Amino acid sequence: MSPDNDLFSSQYVSDDGTPLPSVQQPQHPEEKNETEASPDKYGLAKPKRRRIRGKIIYD
Amino acid sequence: MIDVEKNSAERVRQGDIYRNIEYIEYAIEEYGIIDISKIVFPLIVVLTQDCDLQQDYTFRLHGEPKTSQDKYLLSVLVAPLYNADQFYLGEHLSELNLKMAGFESRSKKTANKSLKNNEVPRYHYLDFPNDIPIVSSVIDFKHYFSVNIEQLTAIKDTNFVCKVSQLYREDISQRFASFLSRIGLP
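Listed in order, the protein sequences are those of chains A and B.
Under the working numbering, the letters of the first sequence match residues 8 to 66, in that order.
Under the working numbering, the letters of the second sequence match residues 112 to 297, in that order.
Errors might be hidden in some of the hints.
[To be verified] Derived CB-CB ranges, DEER-like:
id: 1; chain 1: A; residue 1: Asp66; chain 2: B; residue 2: Tyr183; range: 22 to 30 Å
id: 2; chain 1: A; residue 1: Lys62; chain 2: B; residue 2: Met112; range: 44 to 52 Å
id: 3; chain 1: A; residue 1: Asp66; chain 2: B; residue 2: Cys162; range: 33 to 41 Å
id: 4; chain 1: A; residue 1: Lys48; chain 2: B; residue 2: Thr269; range: 15 to 23 Å
id: 5; chain 1: A; residue 1: Tyr65; chain 2: B; residue 2: Ser292; range: 16 to 24 Å
id: 6; chain 1: B; residue 1: Glu116; chain 2: A; residue 2: Lys48; range: 15 to 23 Å
id: 7; chain 1: B; residue 1: Ile139; chain 2: A; residue 2: Lys48; range: 30 to 38 Å
id: 8; chain 1: B; residue 1: Asp268; chain 2: A; residue 2: Asp66; range: 29 to 37 Å
id: 9; chain 1: A; residue 1: Asp66; chain 2: B; residue 2: Leu207; range: 31 to 39 Å
[Stated by the list, open to error] Under the rule of at most 25 Å between Cα atoms (straight-line distance), these lysine-lysine pairs were calculated in the BS3-like manner:
id: 10; chain 1: B; residue 1: Lys117; chain 2: A; residue 2: Lys48
id: 11; chain 1: B; residue 1: Lys210; chain 2: B; residue 2: Lys220
id: 12; chain 1: A; residue 1: Lys53; chain 2: B; residue 2: Lys177
id: 13; chain 1: A; residue 1: Lys55; chain 2: B; residue 2: Lys267
id: 14; chain 1: A; residue 1: Lys48; chain 2: B; residue 2: Lys177
id: 15; chain 1: A; residue 1: Lys53; chain 2: B; residue 2: Lys253
id: 16; chain 1: A; residue 1: Lys62; chain 2: B; residue 2: Lys149
id: 17; chain 1: B; residue 1: Lys220; chain 2: A; residue 2: Lys55
id: 18; chain 1: B; residue 1: Lys149; chain 2: A; residue 2: Lys53
id: 19; chain 1: A; residue 1: Lys55; chain 2: B; residue 2: Lys253
id: 20; chain 1: B; residue 1: Lys149; chain 2: A; residue 2: Lys55
id: 21; chain 1: A; residue 1: Lys53; chain 2: B; residue 2: Lys182
id: 22; chain 1: A; residue 1: Lys53; chain 2: B; residue 2: Lys117
[As the list claims (entries may be wrong)] Here are some of the chain A residues that sit facing chain B, going by a computed Cβ distance under 7 Å:
id: 23; residue: Tyr49
id: 24; residue: Arg60
id: 25; residue: Gly61
id: 26; residue: Lys62
These aren't lab readings, by the way, just hints derived from the structure by calculation.
None of these values were measured; they are calculated from a predicted model.
Glycine included, C-beta positions come from ideal geometry on N, C-alpha and C.
Go ahead and model the full structure; you've got the sequences and the hints to work with.
Have a look at this one:
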């Protein structure tokens, strides 16, 4: 899995600010944030910025 | 070259290296919309004193029920590890649209030797053993941040990479404290 095609990417809007239809669901740690998925070496990827926007569902 | 331990422990320890750790830049709630920006760091090292981490763990999870939460930590202090080759070019934060100064990469040059000998106060160079899958890395002591301890504990097992052994972690800790407490002269 390439760093740019991780599990998270499709769930984030780009920085143009397009809102998502609802708030993000909590994710299980195992599914989380694989900027480096099983690489030969850790530390090859660079830090990345992620942005999340969504409607809040109040209790 | 540093020594490392490959085994995870029951708790977060000083010197632990974790991958894919998030730093929340902001979380703004306005007009029913939540807007969150975060940076995902590929690798970080834990800087918080190990005795504090031990006490937090003991009070929070183990032993007899305690009468207070006096030893609880709110957060864990960490610092990112940057790819040394990207660091030399000043490109290690390019995906955050930040251009850094860069550093001498030629190993025979004095500046490079100083970096690798950890004689430059701001940086800490780490060269890992061959059986540890981490590229040569540089800690930038200016970029420390904190992570919620409960969150870090929750992802500890999946994100743990290795632990810097005690002697080398103390070297990191001592140099970080020295850098943080430096006196800024005009």
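Taking each numbered hint in turn, which are not upheld by the structure, reported in ascending numerical order? Hints 5, 12, 14, 17, 21 not satisfied by this model.
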